[in-house]
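A.B. asks: Based on the hints, put chain P in the right spot on chain C.
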Amino acid sequence: MSAEKENNKPADPFEPFRELRDNYLDAMSKVMINAVNSEEYAEASGAMLNGALTMSAPFREAFEKSMLMALQKLSLPSREDVAALAQRFTNMEMRLDDMDAKLDRIVELSSANRAPLAGTEPEAKRPAPAEAKTPNKASTRKG
Amino acid sequence: MAQAGVSYEYWSGVNPRFETFNRLLTTKAAIGQTPKEVVWTLNKAKLYRYIPVVPAEARHPVPLLLVFALMNRPTILDLRPGHSFIEYMVGHGYDVYLLDWGVPGLEDKDLKFDDYVLDYMTRAIRKMKTLSKSEEFSMLGWCIGAILTTIYSALRPDDGLRNLLLLTAPLDFSHRQEITFAHWTDEKYFDVEKVIAALGNIPGEMIDYGAKALKPVENYITNYCRLWDNLDNPRAVESWHAMNTWVRDILPMAGGAYRQLIVDLYRNNRLMKGELIIRGQLVDLKRLRANLLTVIAEADHITPPCQSEPIVSNVSSKDTEVYRVPGGHIGIMAGSSAHKQTWPHIETWLAARSE
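Read top to bottom, the protein sequences are chains C and P.
Per my numbering, the first sequence starts with residue 1, numbered consecutively.
Per my numbering, the second sequence starts with residue 1, numbered consecutively.
Simulated from the structure, these hints should not be mistaken for laboratory data.
Even for Gly, the Cβ is constructed at its ideal location relative to N, Cα and C.
Please note that a few of the clues may not be correct.
Computed far set for chain P versus chain C, every beta-carbon distance over 10 Å [to be verified]:
1. LEU42
2. ARG259
3. LYS318
Straight-line C-alpha distance at most 27 Å; calculated DSSO-like pairs for lysine-lysine [said to hold, decoys possible]:
4. LYS102/C x LYS36/P
5. LYS102/C x LYS44/P
6. LYS102/C x LYS212/P
7. LYS46/P x LYS102/C
8. LYS212/P x LYS30/C
9. LYS30/C x LYS188/P
10. LYS102/C x LYS194/P
11. LYS65/C x LYS194/P
Looking at chain C on its own, in the form it has when it is part of the complex:
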């Protein structure tokens, strides 16, 4: 079936060049991998990034300042204000999550305590009266 498909496929006039292309790309790949692994590349890319950040800093700061002033004039919150609000929401979420954890724990403990009660045994099988009359700790302390 696949051989039949292969036969029906139109001949690609670029087929003879494909191997040439692949060999070229393989060779280029090795050259480029060596290049990006060199100290020179690390130095050059670091310098480019540093230069871009240094050059853009004054514009960025000026833009941020003017934007902040414009927002203040319009009585609108700045990015920082919104970010601070979002942080407060996250803190509230964490508090809620802590409460959720405590609730889960309470439910777990109460269901564990309820389990023996749910299967309450018949009167005859309850502890002997003497045992049942054992005073609780509070009353012992009082006595």
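C.D. replies: Positioned in the frame of chain C, the structure of chain P alone reads:
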């Protein structure tokens, strides 16, 4: 004459090929399709629980938590139906949870590993344990997710972690000559504080460029030549489209976490040296006792094998295994042979330790 006919046929087929090529580059494939529900959220993070397909009595009782890197979507673990690690594990009876970190905003620029591990992971794990009614769990961390899971496992050894699986884990940074990122981020050339001060969060494009520039010809040229060559193969096209959709969906990384990655790990190797401090606590790898499987990609150019191997001799786990797979950083889990090699090995290893 016949040659001219053949050529005409070829040329008349070029236009549809260009259309397909264009479609694949400009549209998104449907990825991350395995049915799931959100069971917990905090800030941008979400914990997903995958809908089981195996009856409860046939399922493994120990749930599995997946933790992926911070700067890419975790959908790589659930690439497409029929070729999804998550689908595979759910199908093999695991109660699978996925911690999706989400997209950090400006308000998250100070998030550090400390926060991800002690605020997010701790809470997500508590929720998972409550929902699955299991005191024990397994955890799989991939790439930076492996750093986070390792830190968690060392800080919380008594939290019920039974099995820890690390995929292509960049943990040891001592072999600087073999780690290209270590050259690029050397303090002689790279001013991390200046970058963070200017940008806040590190843009996804910058991280993506870094990953692609490790193999520039493959990523910027060969990748597209291979697609052009395989345009007549629907399976190859579908696979390429899904992978390209994931690759293009890049995320920024919180500035605080990026600083720790560069300064504490790439430059000073503090985790392996036992000097990493997370919110005042020393991360001592000797406290890690869970069963440990570390999966190494032999042709990994992002995390060379030398970064993942030493962990097994630095922990107290009695049950450890190093599994080497031919392939690259992503290919070992999402490549065409992942379902024949990596996934079955992980599943078999985990099944024996999940009863």
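A.B. asks: Would you mind marking each hint as holding or not holding in the structure?
C.D. replies: Do the hints match the structure? See the list:
For LEU42/P, the condition that its CB be more than 10 Å from all CB atoms of chain C is violated, with the nearest at approximately 5 Å. With 10 Å as the threshold on Cβ separation, the claim that ARG259/P sits away from chain C holds: the shortest Cβ distance comes to roughly 15 Å. Against chain C, the non-interface label of LYS318/P holds: every CB pair exceeds 10 Å, the least being about 31 Å. Among the hinted pairs, LYS102/C with LYS36/P is consistent with the structure: their alpha-carbon atoms are about 26 Å apart, no more than 27 Å.
Among the hinted pairs, LYS102/C with LYS44/P is consistent with the structure: their alpha-carbon atoms are about 23 Å apart, no more than 27 Å. Distance check on the hinted pair: LYS102/C and LYS212/P sit about 46 Å apart at the alpha-carbon level, beyond 27 Å; violated. Distance check on the hinted pair: LYS46/P and LYS102/C sit about 20 Å apart at the alpha-carbon level, within 27 Å; holds. Among the hinted pairs, LYS212/P with LYS30/C is consistent with the structure: their alpha-carbon atoms are about 15 Å apart, no more than 27 Å.
Only pairs whose Cα atoms come within 27 Å are accepted, and LYS30/C paired with LYS188/P is accepted, the gap being roughly 26 Å. Between LYS102/C and LYS194/P, the direct Cα distance comes to roughly 43 Å. Violation of the 27 Å bound is thereby established for this hinted pair. With a CA separation close to 19 Å, the supplied pair LYS65/C and LYS194/P stays within the 27 Å bound.
Of the numbered hints listed earlier, those contradicted by the structure are 1, 6 and 10.
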